[in-house]
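Participant: Sequence:
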Amino acid sequence: MRCRQSSEEKEAAQYSCRIDRHLRSESQRQCREIKLLLLGPRNSGKSTIVKQMKIIHSGCFNLEACKVYKPLIIYNAIDSLTRIIRTLATLKIEFHNPDRAYDAVYTDWSC
Numbered sequence: 001m002r003c004r005q006s007s008e009e010k011e012a013a014q015y016s017c018r019i020d021r022h023l024r025s026e027s028q029r030q031c032r033e034i035k036l037l038l039l040g041p042r043n044s045g046k047s048t049i050v051k052q053m054k055i056i057h058s059g060c061f062n063l064e065a066c067k068v069y070k071p072l073i074i075y076n077a078i079d080s081l082t083r084i085i086r087t088l089a090t091l092k093i094e095f096h097n098p099d100r101a102y103d104a105v106y107t108d109w110s111c
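Last residue of the sequence shown: 111 (this note's numbering), numbering continuous.
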């Protein structure tokens with residue numbers, strides 16, 4: 001049995017440590033990453049939502065551009081929710097909370 005490591009063994013051990021460090025850092029990065037599954041039929045705006053989230057969170061737009069796009073994004077969100085609420089009635093799906101059903105009927109959803 002040898003007490004000393006050869007240079008190849010030392011190099012292999014260092015390489016293994018680098019791989020382990022990389023795996024740990026990658027694991028920590030993935031824990032901070034938020035994953036979102038968007039489901040919907042064709043032309044329902046899934047890719048638009050992804051683009052809007054990239055615009056908002058990537059910081060690639062200056063404050064002035066954000067001010068310009070903010071109303072459009074809000075409009076898209078309200079329009080999407082309006083369509084969902086109207087479709088609930090069409091499909092005869094009831095709200096879990098009756099107060100929300102009242103809100104949906106008596107709120108002006110026009111944009």
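What the hints contain is simulated information worked out from the structure, not anything from laboratory work.
Among the clues, some could well be false.
Mimicking DSS-like on lysine-lysine, the simulated pairs with C-alpha atoms at most 25 Å apart in a straight line are [what the hints assert, rightly or not]:
1) Lys35 x Lys54
2) Lys67 x Lys51
3) Lys70 x Lys35
4) Lys10 x Lys46
5) Lys70 x Lys92
6) Lys54 x Lys70
7) Lys35 x Lys46
8) Lys10 x Lys35
9) Lys35 x Lys51
10) Lys54 x Lys67
Participant: Determine which of the earlier numbered hints do not hold for this structure and return their numbers in increasing order.
Facilitator: 4, 5, 8
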